[in-house]
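Visitor: Sequence:
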Amino acid sequence: MTDAILRATGLSRTFQMGERNVIGIRGVDLEIARGEFVAIRGPSGSGKTTLLTILGCLDRPNEGQLMIDGTDVTALPESALARIRSDKIGFVFQSFNLMPFLNARENVELPMELTSMTAQERTQRAKELLKLVGLADREDHRPSRLSAGEQQRVSIARALANRPPLLLADEPTGNLDSKNKVEIVRLIRRLSAEQNMTSVMVTHDNRVASQAGRVIFIKDGQVRSNKNRVPVKDMVEEEGLD
Numbered sequence: 001m002t003d004a005i006l007r008a009t010g011l012s013r014t015f016q017m018g019e020r021n022v023i024g025i026r027g028v029d030l031e032i033a034r035g036e037f038v039a040i041r042g043p044s045g046s047g048k049t050t051l052l053t054i055l056g057c058l059d060r061p062n063e064g065q066l067m068i069d070g071t072d073v074t075a076l077p078e079s080a081l082a083r084i085r086s087d088k089i090g091f092v093f094q095s096f097n098l099m100p101f102l103n104a105r106e107n108v109e110l111p112m113e114l115t116s117m118t119a120q121e122r123t124q125r126a127k128e129l130l131k132l133v134g135l136a137d138r139e140d141h142r143p144s145r146l147s148a149g150e151q152q153r154v155s156i157a158r159a160l161a162n163r164p165p166l167l168l169a170d171e172p173t174g175n176l177d178s179k180n181k182v183e184i185v186r187l188i189r190r191l192s193a194e195q196n197m198t199s200v201m202v203t204h205d206n207r208v209a210s211q212a213g214r215v216i217f218i219k220d221g222q223v224r225s226n227k228n229r230v231p232v233k234d235m236v237e238e239e240g241l242d
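Under the working numbering, the residue at position 174 of the sequence shown is numbered 174, and the numbers go up by one with no gaps.
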């Protein structure tokens, strides 16, 4: 595959549990191209979240190499990894991880605090992103006044704050009802196309995974299947979602 934004070679991660070594992932080889929308699926304990945390530079492999946007991040110091996370990666989590004492706009502004943007620029960017995710009229609401679906939309807007080329989502529909699951996956897909962004989503839900252009199935810490490659822009255009 050419122009891969993510390239993993021989990634392995084990954890020490008392006297036992527990395998998270082992020997994972993976390439993900710019513009793809990829789902990583597998049963509980299969290693899919372990893989995502390594791809997001939140953890390090015991073995193997990881390239992100052409940079070998495997042995970088934590300060350099923090910069890559800030500049290159947007994160969306199942539990939303919003600050309860901040309103929606302020939550979206948080990642921009570490940039050179002025306060006015941060506020304007946050307003634009909330409009993108359909929450322009909720910017002053704190998380406690938002539904679960709305909170996840805020977290998606926050993930896009610094215009990352890569979005990583860990079970983003796990706390949502069926209607909101569909809406959130379609929102991620649409925004990925509009923002020219690669999205990688972990899910145990086959219906959610089927919305992606490629499904990677993991079991017992290993990639067992790796099906289809469809650029997210093509998916959006075919379904008339643009």
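In short, the hints are calculated from the structure, not lab data.
Just so it is clear, the structure is predicted and the values come from calculations on it, not from any experiment.
A couple of the hints might just be wrong.
25 Å max Cα-Cα, derived SDA-like pairs, lysine to any residue [to be verified]:
{"id": "1", "residue 1": "Lys-227", "residue 2": "Met-99"}
{"id": "2", "residue 1": "Lys-219", "residue 2": "Glu-19"}
{"id": "3", "residue 1": "Lys-179", "residue 2": "Asn-162"}
{"id": "4", "residue 1": "Lys-179", "residue 2": "Ser-116"}
{"id": "5", "residue 1": "Lys-131", "residue 2": "Ser-116"}
{"id": "6", "residue 1": "Lys-127", "residue 2": "Leu-81"}
{"id": "7", "residue 1": "Lys-227", "residue 2": "Glu-183"}
Visitor: Hints first: check each against the structure and report whether it holds.
Guide: Consistency of the hints with the structure:
The suggested pairing of Lys-227 with Met-99 is violated, with an alpha-carbon distance near 37 Å, which exceeds 25 Å. Only pairs whose Cα atoms come within 25 Å are accepted, and Lys-219 paired with Glu-19 is accepted, the gap being roughly 24 Å. Under the criterion of a C-alpha separation no larger than 25 Å, the hint pairing Lys-179 with Asn-162 is inconsistent with the structure, at around 29 Å. At roughly 39 Å between alpha-carbon atoms, Lys-179 and Ser-116 are farther apart than 25 Å, so this suggested pair is violated.
For a cut-off of 25 Å, the pair hint linking Lys-131 to Ser-116 stands: about 23 Å separates their Cα positions. This hinted pair does not check out: Lys-127 and Leu-81 have alpha carbons roughly 28 Å apart, beyond 25 Å. For the hint linking Lys-227 to Glu-183, the alpha-carbon distance of about 24 Å falls within 25 Å, and the restraint holds.
Consistency with the previously given hints fails for numbers 1, 3, 4, 6, ordered from lowest to highest.
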